[in-house]
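2 protein chains.
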Amino acid sequence: MQKNSHLMVQPEELGLLTDLYQLTMGACYTGEGVADRRASFELFTRRLPKHYGYLIAAGLEQAIAYLESLSFSPEQLDMLRQTGLFHNAPDSFWLRLEATRFTGDIWAVPEGTAVFANEPLLRVEAPLWQAQLVETYLLNTINYQTLIATRAARLRDVAGPEAQLLEFGTRRAFSPQGALWAARAALAGGLNATSNVLAALKLGHNPSGTMAHALVMALAALEGDEDEAFQAFHRYFPGAPLLIDTYDAVAAAERLSQAQAQGHPIPAVRLDSGDLVELSKIVRSHLPDTQIFASGDLDEYAIAHLRQQHAPIDGYGLGTKLVTGAPVNGVYKLVDIDGIPVMKEAAGKMSYPGKKQIFRQFHQGVIVQDYLGLASEDNAGHPSREPLLQQVMNQGQRSSRIESLETIAQRTAHSVACLPAPLRNIHSAAAAPMTISEALENLTQQTRRTALQAA
Amino acid sequence: MQKNSHLMVQPEELGLLTDLYQLTMGACYTGEGVADRRASFELFTRRLPKHYGYLIAAGLEQAIAYLESLSFSPEQLDMLRQTGLFHNAPDSFWLRLEATRFTGDIWAVPEGTAVFANEPLLRVEAPLWQAQLVETYLLNTINYQTLIATRAARLRDVAGPEAQLLEFGTRRAFSPQGALWAARAALAGGLNATSNVLAALKLGHNPSGTMAHALVMALAALEGDEDEAFQAFHRYFPGAPLLIDTYDAVAAAERLSQAQAQGHPIPAVRLDSGDLVELSKIVRSHLPDTQIFASGDLDEYAIAHLRQQHAPIDGYGLGTKLVTGAPVNGVYKLVDIDGIPVMKEAAGKMSYPGKKQIFRQFHQGVIVQDYLGLASEDNAGHPSREPLLQQVMNQGQRSSRIESLETIAQRTAHSVACLPAPLRNIHSAAAAPMTISEALENLTQQTRRTALQAA
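The listed protein sequences derive, respectively, from chains A and B. Reading the first sequence from the start, the letters are residues 1 to 455 in our numbering. Reading the second sequence from the start, the letters are residues 456 to 910 in our numbering.
Check before you lean on any hint, since a few could be wrong.
[Said to hold, decoys possible] Label pairs and their calculated CB-CB ranges:
no., chain 1, residue 1, chain 2, residue 2, range
1, A, 366, B, 781, 48 to 56 Å
2, B, 523, A, 326, 34 to 42 Å
3, B, 873, A, 38, 33 to 41 Å
4, A, 366, B, 713, 51 to 59 Å
5, B, 842, A, 308, 48 to 56 Å
6, B, 896, A, 282, 56 to 64 Å
7, A, 69, B, 523, 25 to 33 Å
8, B, 905, A, 282, 24 to 32 Å
9, B, 905, A, 258, 17 to 25 Å
10, B, 886, A, 82, 43 to 51 Å
11, A, 38, B, 740, 34 to 42 Å
12, A, 82, B, 885, 44 to 52 Å
13, B, 816, A, 431, 36 to 44 Å
[Said to hold, decoys possible] Where chain A lies over chain B, by a calculated footprint (3+ residues, C-beta under 8 Å):
no., stretch
14, 757-766
15, 860-867
[Stated by the list, open to error] Quick list of in silico lysine to aspartate or glutamate cross-link-like pairs, EDC-like style, CA-CA up to 20 Å:
no., chain 1, residue 1, chain 2, residue 2
16, B, 458, B, 533
17, A, 3, B, 467
18, A, 349, B, 678
19, B, 804, A, 248
20, A, 3, B, 861
21, B, 810, B, 793
22, A, 281, A, 406
23, A, 50, B, 754
24, B, 804, A, 297
25, B, 458, A, 406
26, B, 458, A, 36
27, B, 804, B, 832
28, A, 349, B, 703
Hints were generated in silico from the structure; no laboratory data involved. Just so we're clear, the structure is a prediction, and the values are computed from it rather than from any experiment. No residue lacks a Cβ here, since even glycine has one placed at the ideal position from N, Cα and C.
Throw the hints in and build the complete structure from the sequences for me.
Laid out in structure tokens, this is it:
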């Protein structure tokens, strides 16, 4: 195990990237002789984030990569033993961990699919101890990437198909890897590019960016004035967007307009402060053919306001409010053990029992109704209801193709286009047209009675 | 470069973990012949998060580790070249990147120090292109860890020194590495332990945890009832906290009280839902000597409420609201280039020019006044004013010792104890007693005049 100051995570360390209780419960399951019973867990959210009408599923590819490579090294197991926390655990637990590989099945909605509250994004069917162990990592990847892909989809929906939407969040992201995952999910959700060089190169994209105030300040101090800074940057990056608000954006736009008249093209500028509605209109009046980018704590609400005020802005840099903030609170709940449907009834935290499927009904390309039903339900009578969860791993082997980010982004765009308009309202989204099937309703009643007897 | 589905970050890839414009600006600086001019950048926040009276600085260790190892491999530079974005960059830029190592000086407040708005947490003094390149990573590590350490300090301050505060956030953290950094900063800020096994082992701690609803549901279904699940878990983890709210927490507490009377000790239980004030009082009435842990979307406000209502709770699991949410919006601004102080004047985003120092004055162990002054100011006339920024790297070499998390946590506790009480009010913290020194005020006026001439 790397114990250096970087505190990076190595792919071969992912087995330990879990909550302690997943391992202690595994020891208990082993001791009780139930570790290999077939368990089904489903990952879903009880409530959508405030004002959200849908989620865009993302993070599945990292979930599958994790499950494919799950294992523990002898050194890792030694460290675990040395904690002393497991001294009453059965020896067979350690044998089990030494031989760890994931052998279960995974069903999931494809990345880029719109889902609603209580609809499973993913189901794990595996030996109980394995399905338990992987909870933490699956939630980590799917919660965060789903949040970012959803925000990206909302941004794209509000900004329109022509706007350039650029992910600038790395400096505010919650860790370097958080920045990479944010960049991936942002592209999956419909943004055009990321400024994060490492993320872009790993994702097979070109990074994107403009210039910073520091360049203007440094070159103005060393070479004389702001215009010299602009000219210097264009010497090496002709046509690159110029950041014009270091001192006085209006004065800078006026001078750039004169420069353009003298033959220096100014294809794009960026505004990062001030009243963006007013400033963008003034800049446009001086530079009618120049693309205007805006940045500075923008989100879908700010963009909606700017558009409503007819601010002539062609592109947006999205940072802090894209990559930080309130999370998607996905949970991962046991729904079936050895063929016995189970449910939790804790106050306000009820879950539906049994292995489930989402059946989605469309009319003229728009979702009219989702039925949350049992995976075993026969849909033959309703050929127009599309089952959303697909098998993506079979006995621990990937059974689906790796999808490109472009494919996922196209699915996202299609998913949003299929939503009823009231669900796309960013200010107060309507409740989703989701109902429980009769079979699931019956199973829920029945399981509740059984659970009450168990308590 | 690893281009696998995990999207992990490797330590040797950190050079590229930056925004594109840091590299394009470096190319421009190189072409203009100013790349090696001595630049000073300072990292600070303009405003504290809402209702926060202070920040606890954290993340410096990862910043230093990054700077010590900064470099680019030939393969990485090839990939960068192949983007085509740099085809007008001077050849000398590539030679510069090939030989990259950080050669600057770093001044910083030690981790665990309380700071206020506009006070620099860190200053980089380095060749301009290097100081520019490292902005993104420095902000990434210090913004996030400072947020988490500050929240942890607030939680500890509200919960009191005896409470067990456990970091349970991994499933909601923004990426696996985000979870590790959160665990580190939470321990640095005063929490007792983390449930993240990998984080704990890398940090030299033991992980901590209880049990999950799934164990109760699985064993109740397979073995008969909730009590069998409790007994099973205690067979392998005697005395481990039992999660009692899967079905009916009050009924479970009554039964555990009877079990205890029959000789089965119940040292601890956990409540994860419902009215925690009422439930904890009922549980305490049944199990007077049992430790009660609470969890479920808790933060410092919830803990303050629970304590005010005299809820008999001994420990708290902190997850979602500790590791996600609104960020610390640290910025990194050029303050001096080649001995010329500079400042930004964009609307609402002004920065103070010049290399600065925080001079902190105490009276009877409590901060009475911070003076934000120039690093060059002679403090000889004020021996009671303690300068907070210390040199931690000298010409690219670490010049400070690696501190243990325990040392940092002790400093955090001391920092909070030294704050005036109104700054510790979590509901509406008072403004910090921070003022600008006369020398800095004069320099600001002077620089503003110069900047206006430059524009």
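Given pair status - residue 832(B), residue 804(B), alpha carbons within 20 Å: 25 Å, violated
Just to be sure I understand the hint, the distance between the Cβ atoms of residue 905(B) and residue 282(A) should be within 24 to 32 Å; is that true here? The hinted range 24 to 32 Å holds for residue 905(B) and residue 282(A), with Cβ atoms some 26 Å apart.
Check the hint pairing residue 281(A) with residue 406(A) against an upper bound of 20 Å on the C-alpha distance. 34 Å, violated
Taking only the CA atoms, is the gap from residue 50(A) to residue 754(B) under or equal to 20 Å? Holds, because 19 Å separates the two Cα atoms, which is no more than 20 Å.
Can you tell me whether the CB distance of residue 842(B) to residue 308(A) sits inside 48 to 56 Å? With Cβ atoms ~50 Å apart, the hint holds.
Residue 38(A) and residue 873(B) - C-beta distance against the hinted 33 to 41 Å: For residue 38(A) against residue 873(B), whose Cβ atoms are near 57 Å apart, the range 33 to 41 Å is violated.
CB of residue 38(A) to CB of residue 740(B), is that within 34 to 42 Å? 41 Å, holds
Between residue 349(A) and residue 678(B), is the straight-line Cα distance small enough, at 20 Å or below? 24 Å, violated
Straight-line Cα separation of residue 3(A) and residue 467(B) no greater than 20 Å? 15 Å, holds
Compare the distance between the alpha carbons of residue 804(B) and residue 248(A) with 20 Å, and conclude whether the hinted pair is satisfied. 12 Å, holds
Hinted pair, alpha-carbon criterion (20 Å max): residue 349(A), residue 703(B). Please report holds or violated. At roughly 12 Å apart (the allowed maximum being 20 Å), residue 703(B) and residue 349(A) satisfy the hint.
Given the hinted pair residue 458(B) and residue 36(A), is their Cα-Cα distance within 20 Å? Cα-Cα ~34 Å, so violated.
Hints 1, 3, 6, 13, 14, 15, 18, 22, 26 and 27 from the list above are not met by this structure, while the remaining hints are.
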